[in-house]
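Q: Next come the chains, spelled out residue by residue.
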Amino acid sequence: MSTASVSLPAWINYGVIPLLNLILAFFFSGLVVWAIGENPFEALNFLIQGALGRGDAIGFTLFYATSFIFTGLSVAVAFHAGLFNIGSEGQAYVGGLGAALVALSLDHYVPWYVTMPFAIVGAALFGAAWAFIPAWLQAKRGSHIVITTIMFNFIGAALMVYLLVNVFIVPGKMAPETRTFLPGGQLPKLDWLMALFGLKLGPAPFNVSFIIALVMCYLVWLLIWRTKLGYEMRTLGISPTAAVYAGIPYVRTVIIAMLISGGLAGMMSLNAVMGASARLQVEFVAGAGFVGIAVSLMGRSHPVGIILAAILFGILYQGGADLSFEMPNITRDMIVVIQGLVIFFAGALEYMLRPAMVRLYQTARGK
Amino acid sequence: MEYFDTFVSILGSAIRLSIPLLFTALAGLFSERAGIFDIGLEGKMLASAFAAACVAYWTGNAWAGLSAGILVAIIFSLLHGFASITNRGNQIVSGVALNFIAAGLTIVLGTAWFNQGGRTGQVPPEGRFSGIVLPGVEMMRDVPIIGPLYANVISGNNILTYIAFLMVPLSWWVLYRTRFGLRLRAVGENPGAVDTAGISVVWLRYRALIVTGFLAGFAGTYLSIAQSAAFINNMSAGKGYIALAALIFAKWKPVPVMFACLLFGFLDAFANFMQGKSLPMIGEVPVQIFQALPYILTCVLLAGFIGIARPPKAGGVPYTKER
Numbered sequence: 004m005s006t007a008s009v010s011l012p013a014w015i016n017y018g019v020i021p022l023l024n025l026i027l028a029f030f031f032s033g034l035v036v037w038a039i040g041e042n043p044f045e046a047l048n049f050l051i052q053g054a055l056g057r058g059d060a061i062g063f064t065l066f067y068a069t070s071f072i073f074t075g076l077s078v079a080v081a082f083h084a085g086l087f088n089i090g091s092e093g094q095a096y097v098g099g100l101g102a103a104l105v106a107l108s109l110d111h112y113v114p115w116y117v118t119m120p121f122a123i124v125g126a127a128l129f130g131a132a133w134a135f136i137p138a139w140l141q142a143k144r145g146s147h148i149v150i151t152t153i154m155f156n157f158i159g160a161a162l163m164v165y166l167l168v169n170v171f172i173v174p175g176k177m178a179p180e181t182r183t184f185l186p187g188g189q190l191p192k193l194d195w196l197m198a199l200f201g202l203k204l205g206p207a208p209f210n211v212s213f214i215i216a217l218v219m220c221y222l223v224w225l226l227i228w229r230t231k232l233g234y235e236m237r238t239l240g241i242s243p244t245a246a247v248y249a250g251i252p253y254v255r256t257v258i259i260a261m262l263i264s265g266g267l268a269g270m271m272s273l274n275a276v277m278g279a280s281a282r283l284q285v286e287f288v289a290g291a292g293f294v295g296i297a298v299s300l301m302g303r304s305h306p307v308g309i310i311l312a313a314i315l316f317g318i319l320y321q322g323g324a325d326l327s328f329e330m331p332n333i334t335r336d337m338i339v340v341i342q343g344l345v346i347f348f349a350g351a352l353e354y355m356l357r358p359a360m361v362r363l364y365q366t367a368r369g370k
Numbered sequence: 183m184e185y186f187d188t189f190v191s192i193l194g195s196a197i198r199l200s201i202p203l204l205f206t207a208l209a210g211l212f213s214e215r216a217g218i219f220d221i222g223l224e225g226k227m228l229a230s231a232f233a234a235a236c237v238a239y240w241t242g243n244a245w246a247g248l249s250a251g252i253l254v255a256i257i258f259s260l261l262h263g264f265a266s267i268t269n270r271g272n273q274i275v276s277g278v279a280l281n282f283i284a285a286g287l288t289i290v291l292g293t294a295w296f297n298q299g300g301r302t303g304q305v306p307p308e309g310r311f312s313g314i315v316l317p318g319v320e321m322m323r324d325v326p327i328i329g330p331l332y333a334n335v336i337s338g339n340n341i342l343t344y345i346a347f348l349m350v351p352l353s354w355w356v357l358y359r360t361r362f363g364l365r366l367r368a369v370g371e372n373p374g375a376v377d378t379a380g381i382s383v384v385w386l387r388y389r390a391l392i393v394t395g396f397l398a399g400f401a402g403t404y405l406s407i408a409q410s411a412a413f414i415n416n417m418s419a420g421k422g423y424i425a426l427a428a429l430i431f432a433k434w435k436p437v438p439v440m441f442a443c444l445l446f447g448f449l450d451a452f453a454n455f456m457q458g459k460s461l462p463m464i465g466e467v468p469v470q471i472f473q474a475l476p477y478i479l480t481c482v483l484l485a486g487f488i489g490i491a492r493p494p495k496a497g498g499v500p501y502t503k504e505r
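Quick mapping for you: the protein sequence lines, in order, are chains A and B. Just so you know, our numbering puts 331 at position 328 of the first sequence, and the rest follows in order with no gaps. Just so you know, our numbering puts 321 at position 139 of the second sequence, and the rest follows in order with no gaps.
By construction, these hints were calculated from the structure, which means they are not laboratory data. Nothing false has been slipped in among the hints.
From the structure, some residues in chain A lie toward chain B, with a derived Cβ separation under 7 Å:
(1) A161
(2) V339
(3) Q342
Label-pair distances were calculated between CB atoms; the ranges are:
(4) A:A38 x B:R492: 40 to 48 Å
(5) B:L352 x A:T230: 53 to 61 Å
(6) A:V173 x B:S460: 22 to 30 Å
(7) B:I478 x A:T183: 26 to 34 Å
(8) B:W385 x A:A38: 26 to 34 Å
(9) A:F44 x B:R492: 48 to 56 Å
(10) B:P438 x A:N16: 42 to 50 Å
(11) A:Y253 x B:S312: 49 to 57 Å
(12) B:I478 x A:F29: 37 to 45 Å
Quick look at which bits of chain A chain B covers, simulated, 3 or more residues with Cβ under 8 Å:
(13) 149-158
(14) 163-169
(15) 289-300
(16) 323-334
(17) 352-363
For every residue, glycine included, the Cβ atom is placed at its ideal position computed from N, Cα and C.
Using the sequences plus the hints, can you model the full thing?
A: Structure follows, in structure tokens:
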């Protein structure tokens with residue numbers, strides 16, 4: 004008989020199956036490590052040591068996780084409305100422009116806590132603006148949001164390179180980047196938070212954006228499960244025809260969902276631009292937008308899941324960097340392989356194990 | 183005459199730059215017309231470029247390299263099929279995942295095997311596809327206009343270039359004049375009807391994906407052992423996405439695909455030529471505009487301002503057989 008209609012308890016759907024998928028992804032990653040002649044268990048040990056072994060390592064892990072929480076939320080919000088936003092990467096990139104403009108214009112005059120709210124709004128506005136055209140095209144013109152957001156990633160990259168090379172570059176310097184922000188345009192590090200746990204942050208750029216990210220998690224949860232708009236978005240995500248029949252405005256809901264998604268992606272730049280490098284640089288997003296897809300899939304589009312998945316990917320990014328020092332044979336790009344495998348097993352093959360789980364569950368219950 | 187020579191050289195380079203796009207867009211054509219979206223074209227191109235470079239380096243045989251490139255691209259296609267046909271997973275997610283796997287794996291394996299930071303070894307000349315001088319070039323050289331065009335645009339390309347252009351009518355013929363093609367197009371529009379006619383949707387879609395892998399393998403091979411002489415990190419550099427844009431721009435039809443690829447190739451060649459030069463009246467045009475133009479054009483098309491691009495109806499939807 005068909006197993007698709009059998010419902011499984013939540014702990015299997017949200018606990019066991021994602022965990023098994025994750026284990027499969029790591030199993031195949033281990034195979035790759037083994038194939039190039041290194042010991043996978045030793046590699047795993049280096050990876051975990053490198054990510055969690057010291058105070059500054061944890062700081063770097065959480066710094067990466069902060070970026071991934073923002074982009075993961077971005078993908079998740081769109082996903083709840085049935086939209087696949089591949090454009091978080093580009094929206095974060097353009098969002099950086101918003102954050103940088105605020106930082107550059109205010110850092111001479113006010114302390115960071117005055118700059119911060121404006122920077123949040125600036126980053127979110129620019130990110131949202133970059134999501135607006137694909138959203139409008141999807142809602143009004145019926146063009147596929149996946150395709151348009153991919154195109155906008157590339158258009159955004161070209162635009163940002165142009166602006167950095169021709170407009171923002173500091174005269175006399177070679178590097179295409181803005182000037183360094185003064186402390187008034189930087190987000191301070193969270194060394195006091197680490198000190199609470201008796202850890203030293205060292206050079207790690209773990210900063211206030213982490214707290215902003217957690218606040219956003221709460222707000223997204225509130226939006227999706229406790230507001231009318233969230234209800235409308237979820238209805239649209241499950242069945243657009245039913246949503247329209249129920250009187251939910253399609254165009255408005257799609258555009259608002261994408262604007263929120265783009266805004267959250269844009270806020271990722273707070274962490275990278277104002278929290279870490281204190282300047283706007285070329286390619287500063289460095290794939291975080293795409294990691295957001297994996298994070299959102301792993302976290303089942305729920306803020307709590309997203310935080311956990313973001314920390315997992317933070318561990319991979321920081322630990323992977325350390326691993327490539329310890330085992331020069333394994334380059335940092337091993338993370339990209341693991342990331343791809345996680346997306347493949349947890350996302351594309353999410354239903355693969357389901358029939359087997361249903362049979363197991365039914366046998367266990369004696370049916 | 184000087185302008186004409188420049189024009190001819192831009193045209194020649196446009197042809198060379200459009201070949202990987204053409205193979206890849208035709209590859210995507212088969213998959214998307216069968217109802218399987220393929221974001222993973224980029225990854226297939228990259229993985230097959232790597233495989234072709236490795237095998238050509240080890241064996242010194244370009245055809246062995248091509249076979250390896252095709253084989254690896256087909257494997258990636260089948261993985262995509264396993265996820266999106268057999269397990270009815272999300273096709274976009276699967277494509278994104280395979281792109282990451284290709285991007286990471288090529289560098290990890292390349293570094294481990296060749297120790298050159300992700301580059302493969304330099305492929306010897308006999309392991310590469312080099313230019314073929316067509317007969318009559320010397321004879322035609324003095325003929326105005328046609329002579330230089332023949333010598334620099336039509337002649338002097340490698341065999342893969344000619345295969346690429348042959349693939350266009352061949353794809354058209356397969357899609358529109360064979361039983362397989364008719365069924366393939368039907369399965370992309372209405373798989374239920376195909377199923378009712380007693381034809382296996384699953385097997386048909388798998389065959390379409392094998393064709394996709396086959397063509398994408400040519401694209402990758404072209405990049406690594408025809409256009410250059412080694413695999414370089416991330417050498418597909420977004421060409422898979424431009425090919426996807428070209429496919430949409432051509433409204434999922436084989437002959438327009440060729441023109442779209444030539445247009446995007448020409449834009450690329452023109453951007454290279456314009457670097458640091460300025461146009462009369464307009465001044466220096468930023469090179470980024472040319473880089474973004476294929477994507478902007480595709481979005482304008484998708485917005486419905488240049489005709490309507492209607493994708494295959496069943497694209498992106500996994501098929502569940504009714505019970």
